[in-house]
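Peer 1: The residues making up each chain are set out below.
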Amino acid sequence: DAGVIQSPRHEVTEMGQEVTLRCKPISGHDYLFWYRQTMMRGLELLIYFNNNVPIDDSGMPEDRFSAKMPNASFSTLKIQPSEPRDSAVYFCASSLVGTDEQYFGPGTRLTVT
Amino acid sequence: AQSVAQPEDQVNVAEGNPLTVKCTYSVSGNPYLFWYVQYPNRGLQFLLKYITGDNLVKGSYGFEAEFNKSQTSFHLKKPSALVSDSALYFCAVRGFYGNNRLAFGKGNQVVVIP
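The listed protein sequences correspond, in order, to chains Y and U. Our numbering applies: residue 50 is where the first sequence begins, and numbers increase by one. Our numbering applies: residue 1182 is where the second sequence begins, and numbers increase by one.
If you're looking for bench data, these hints aren't it; they were derived computationally from the structure. Hints may contain errors.
[Said to hold, decoys possible] The calculated DSBU-like cross-link candidates involving lysine-lysine, where the alpha carbons are at most 30 Å apart (straight line), are: (1) U:LYS1203 x Y:LYS73; (2) Y:LYS117 x U:LYS1287; (3) U:LYS1203 x U:LYS1287; (4) U:LYS1287 x Y:LYS127.
[Claimed, not checked] Some residues of chain U that are not near chain Y, with every Cβ distance over 12 Å (derived): (5) TYR1213; (6) GLU1245; (7) ILE1294.
Backbone N, C-alpha and C define an ideal beta-carbon position, used for all residues, glycine too.
For reference, chain U alone in the conformation it holds in the complex (with noise of 0.2 Å):
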């Protein structure tokens, strides 16, 4: 079965300094990896994917995450987080072969301090 683990529950960071949200995986085959992004009492929104190719994957707002298959992780990465920033961040994966089950993380609260 696929599964998603986001070890820490909370992540501060001080205004523009860099931000790391973690991410491991467990999967059958290759995988497809995605990070997605909730701001309080929205839907959640698409910011990256991985599904082949370069490791480095550059999303919307800045956001790029780094694939490492022998650690199994796929970091979500911003250079300069801004107090906007602030919200829910969700890790998820799917397997190659398989249905089309997507399976979350339990999400990690980022809080950028100004």
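Okay, chain Y solo, but in the shape it has when bound (with noise of 0.2 Å):
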């Protein structure tokens, strides 16, 4: 397997503009994570889904986050309108059971000038 996919690598976008990052989980893993990760407040957990369905998005940061799993083979996290402030290094996971080890993907580095 190629591991967990994640589109673009780098994105540099102007303030207000909206930004879609991607992801494509483990064949046959259960659940997807998404991670924000910043030097000032490290790994983050924004959300998370079990068989395509949201569990708990209690650390998405505010409305203008907002993340979506329409398939067991993709996810996108939106940002809209984006901010400065949400310039870091954003991740997906996933794994076969809650239980199991997280495979994560290479990141996406946003940048919000």
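The task is to assemble the complex, starting from two chains supplied on their own in separate frames and drawing on the hints.
Peer 2: Shown next, in the form of structure tokens:
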């Protein structure tokens, strides 16, 4: 398997623009997680899905953030409108079951100017 | 709420010397414990986990970790560090009950000096 795939790897955008990050989990994995990593706050869980259903979105910072998982092989994280404080590395991870280790994608480095 | 503490910001060790990265946890009930490693510009990679059973867990790249319930600790160890072990190391925990959120520590930068 190719592992967790994320696109784009780098995104530079201007404040106010819409940003969409994409993730393809490992085939057969039932759980999908979105994280954000910054120097100041470390690694934060934003939201996770089980069998395409959002289970816990308490980490989503505000209404500007939304995530969807329309099928088992694809998820998006959208920021609209984007702000400079959203600049971070966003990781997607998947796992077979909730207690299993999570497999992380390479991340998307987002810069909002 | 579950949480992890990694008390040191950076761990410096000479190549060939033993490496220890400390982690203590707080969780209701029995813990599931994990160690991950992150190399520059990469995602986190799984190293090892403790679910139940033997307190000494062996993982990838020669790493091991010891679960100590009385001290609520799960320290990562390697008998002989390599320069290539220089990376950011994260400890994580989730409780036996409750949802499947992992609580990650802030990470420890390990620098192995040649």
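Peer 1: Now, for every hint given, state plainly whether the structure supports it.
Peer 2: Hint check:
1. U:LYS1203 x Y:LYS73: Violated: LYS1203 (chain U) and LYS73 (chain Y) sit about 33 Å apart, past 30 Å.
2. Y:LYS117 x U:LYS1287: 27 Å, holds
3. U:LYS1203 x U:LYS1287: 12 Å, holds
4. U:LYS1287 x Y:LYS127: Given pair LYS1287 (chain U), LYS127 (chain Y) holds - Cα atoms ~25 Å apart, limit 30 Å.
5. TYR1213: 6 Å, violated
6. GLU1245: The claim stands: GLU1245 (chain U) keeps its Cβ more than 12 Å from every Cβ of chain Y (closest is about 16 Å).
7. ILE1294: Holds, since 23 Å exceeds 12 Å.
Going down the numbered hints, you'll see the structure goes against 1 and 5, while the others check out.
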